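Go by the hints and put chain B onto chain A.
So the protein lines, in turn, are chains A and B.
Those letters in the first sequence? Residues -9 to 107, per the working numbering, in order.
Those letters in the second sequence? Residues 7 to 116, per the working numbering, in order.
On the chain B side, residues computed to face chain A include the following (Cβ under 7 Å):
1. Glu38
2. Phe96
3. Lys103
4. Trp106
5. Leu108
6. Gly109
The hints are simulated quantities; they were obtained by calculation from the structure and are not laboratory data.
From a predicted model like this one, the values you see are computed outputs, not experimental measurements.
Positions of the beta carbon are idealized from the N, C-alpha and C atoms, including for glycine.
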Amino acid sequence: GAVVSQHPSWVICKSGTSVKIECRSLDFQATTMFWYRQFPKQSLMLMATSNEGSKATYEQGVEKDKFLINHASLTLSTLTVTSAHPEDSSFYICSAAGGGIGQETQYFGPGTRLLVL
Amino acid sequence: AQRVTQPEKLLSVFKGAPVELKCNYSYSGSPELFWYVQYSRQRLQLLLRHISRESIKGFTADLNKGETSFHLKKPFAQEEDSAMYYCAPFRAGNNRKLIWGLGTSLAVNP
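With the rest of the complex left out, here is chain A:
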């Protein structure tokens, strides 16, 4: 149980375009989803926390207009990287928590590798 999927698993785009990444909890209802970036051989950097039906809470230094998060249902959250630039190239990971599992334990998606040319 507690499976989280992400789509796409990798994406290459041109600078200036927008990219949407989906995160789905497949077998539980996620009241909270988290979006992270992970740089090579580094730890996770939390970007934002989103609760179903409310606005996301962004971490300091993360541009909310750049990284749009929508958590419209208990099983789906999306991250849109708007007007992507090469410096946005990274590994984006989502996690989900909540429902009957409890708020503290997070279950992770496999990640999405974004390359902006």
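For chain B alone, coordinates are given in the frame of chain A:
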């Protein structure tokens, strides 16, 4: 501010040797602590949480409030334990989230 320290970036041991991955935290209150593991080319997964007091894959971790530590231990390391390990206290209250350490890369040599 809540912080977590994993002092070893890389830990290398031989198969069958005991292993201890250190984790120290600073937190006001009673934290909920987790260890997550990331095997090569796989997603992050929960290894254990202190409140459940379970032993997963032979690993255990004891919360020492006096030393503010939550070290991960295994008496006999296996090659398949080679992975990246992250200690993460959970911050409750407003803006609930995991506080991530930098991780320790464990290499178990044959």
